[in-house]
Amino acid sequence: MVKAGLMKIVVQTEAFDLGAEVDAMRNGRTDIGAIASFVGLARDMNEGSGVQAMTLEHYPGMTEKALAALVEEAATRWALLDVTVIHRVGRLLPGDPIVLVAVASSHRGAAFAACEYIMDALKTRAPFWKKEETPEGERWVDARVSDDAAAARWSA
Amino acid sequence: MVKAGLMKIVVQTEAFDLGAEVDAMRNGRTDIGAIASFVGLARDMNEGSGVQAMTLEHYPGMTEKALAALVEEAATRWALLDVTVIHRVGRLLPGDPIVLVAVASSHRGAAFAACEYIMDALKTRAPFWKKEETPEGERWVDARVSDDAAAARWSA
Amino acid sequence: MMLRVLYFARLRERFGLAEENVDLAGATATATAADLVAQLRARGGAWAEELAAGRAFRVAVNQDIVMLDAVLPEHAEVAIFPPVTGG
Amino acid sequence: MMLRVLYFARLRERFGLAEENVDLAGATATATAADLVAQLRARGGAWAEELAAGRAFRVAVNQDIVMLDAVLPEHAEVAIFPPVTGG
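Residue numbers (numbering that gives the first Met the number 0), protein chains in the order written: chain A, 0 to 155; chain B, 0 to 155; chain C, 0 to 86; chain D, 0 to 86.
Chain A extracted, bound-state conformation (with noise of 0.2 Å):
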């Protein structure tokens, strides 16, 4: 288990500080080796349409207790000194950042695997939903096969 306040779980409007946060997990530490982290943009195409803009939904609620369960599970599977998960909902556009996944460990095999885990559980089982505006009109955008076979990679 990740201990009592060394899990920070965020959704937001506002954008994130990846250098911030990676900076608060090592901040007077001395025992971490590796802090792997992930950042999802916006793009501008998805599909083969233009995006302008997009607007995500979420499950407010839900969400935070799906991303503790989440990160939960990959302090089982892994030993990890500290993990954040920054997940913005409202209106982004094309190249701002959507999502911050950080795991630091002592180790980067654990820290890599982690922060990858997180993000494909993530995907699939955070409620999230991603609507975008194309010059076709507003979509809301598909689960994707891939993303359902990259979580299943993790129990195999």
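Treat each hint with caution, since some may be false.
So the derived label-pair ranges between C-beta atoms look like this [stated by the list, open to error]:
no.: 1; chain 1: D; residue 1: A51; chain 2: A; residue 2: A19; range: 50 to 60 Å
no.: 2; chain 1: D; residue 1: E48; chain 2: B; residue 2: W153; range: 32 to 42 Å
no.: 3; chain 1: C; residue 1: R42; chain 2: A; residue 2: K64; range: 21 to 31 Å
Below are the EDC-like pairs computed for lysine to aspartate or glutamate, each with C-alpha atoms no more than 20 Å apart in a straight line [what the hints assert, rightly or not]:
no.: 4; chain 1: B; residue 1: K130; chain 2: D; residue 2: E12
no.: 5; chain 1: B; residue 1: K130; chain 2: A; residue 2: D30
no.: 6; chain 1: A; residue 1: K130; chain 2: A; residue 2: D146
Derived by calculation from the structure, the hints in this document are not laboratory data. In this text, a Cβ means the ideal position worked out from N, Cα and C, and glycines have one as well.
With chain A held as given, fit chains B, C and D onto it using these hints.
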């Protein structure tokens, strides 16, 4: 191949700024969907001994060449949009960041895999050596069997 | 049995409804998520279409995703939504 | 055959030398890294010890890591060092 100008490889004594490096990658771009990054830090313990400080030596000239080769290999295996590798040399204290690898791609699978590939390859093929200061005196760090195993995974 | 039912994303738009209280007709202590879905489907229109067998939708009971055979506790918060697409 | 030879890390300390010019005795156009290592090993002391068969050291020729059977070009920059431990 990573496009000219879209690969940054630096060996330096100064600290680096993860947030600034990742911001520089994504600045003005809307085609990046994923940035995976890794920071390796100096720990206060290794092989059961306290580490008060460490000094990193390298082979100027070969270092940059070896790092560029690793990055090009990664860019052959995965579709990458940008890569930054920064490795510090000189004397570092526990908690100090040692190495940064950041990889931008359209999709997260490629970004995660290439980032971990570059770190694994760097550990076994880039000419850096660590000397630790411990209560028992100075000692050169021995290469780890686990690092060879991590690097060998990728040629399976 | 009274339930609080929430809809999200495309389903919220199709149903024109974000949440409602639903009285699950004739429910016993073993009423399941499938019973609720069947009652909503019987409303016809977008309800019948979006909740048809084989359509991809998810059900959460008290904020945990469940299978359709999950038993519903009294006063449960039930959410029905499309497969998630965050991150 | 003249070579520029560099030593790093523990080997640099054991040999008390960061770099030197080495005239590889009796070298032909097919002289290899193994020939250079044999000549250095013949110096005895730390050289014989650190470069003994079975000891873990690496050789780079013109900044590429090579096997010991690699042929040495004239005026090559040859580096001998322990297994790397960066990152």
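Quiz item: So does E48(D) sit 32 to 42 Å from W153(B), Cβ to Cβ?
Solution: Distance hint for E48(D), W153(B) holds at roughly 34 Å.
Practice problem: With a cut-off of 20 Å on the C-alpha distance, tell me whether K130(A) and D146(A) pass. | Solution: Distance of about 17 Å is within 20 Å: holds.
Self-check item: Assessment of proposed distance window 50 to 60 Å (beta carbons of A51(D), A19(A))
Solution: holds, 51 Å
Quiz item: Is the hinted pair K130(B) and D30(A) satisfied, with a Cα-Cα distance of at most 20 Å?
Solution: Roughly 18 Å between the alpha carbons, so the hint for K130(B) and D30(A) holds.
Quiz item: Can the suggested window of 21 to 31 Å be confirmed for the beta-carbon pair R42(C) and K64(A)?
Solution: holds, 29 Å
Exercise. Decide if the proposed pair is consistent with the structure: K130(B) and E12(D), CA atoms, cutoff 20 Å inclusive.
Key: Roughly 12 Å between the alpha carbons, so the hint for K130(B) and E12(D) holds.
No hint from the list above goes unmet by this structure.
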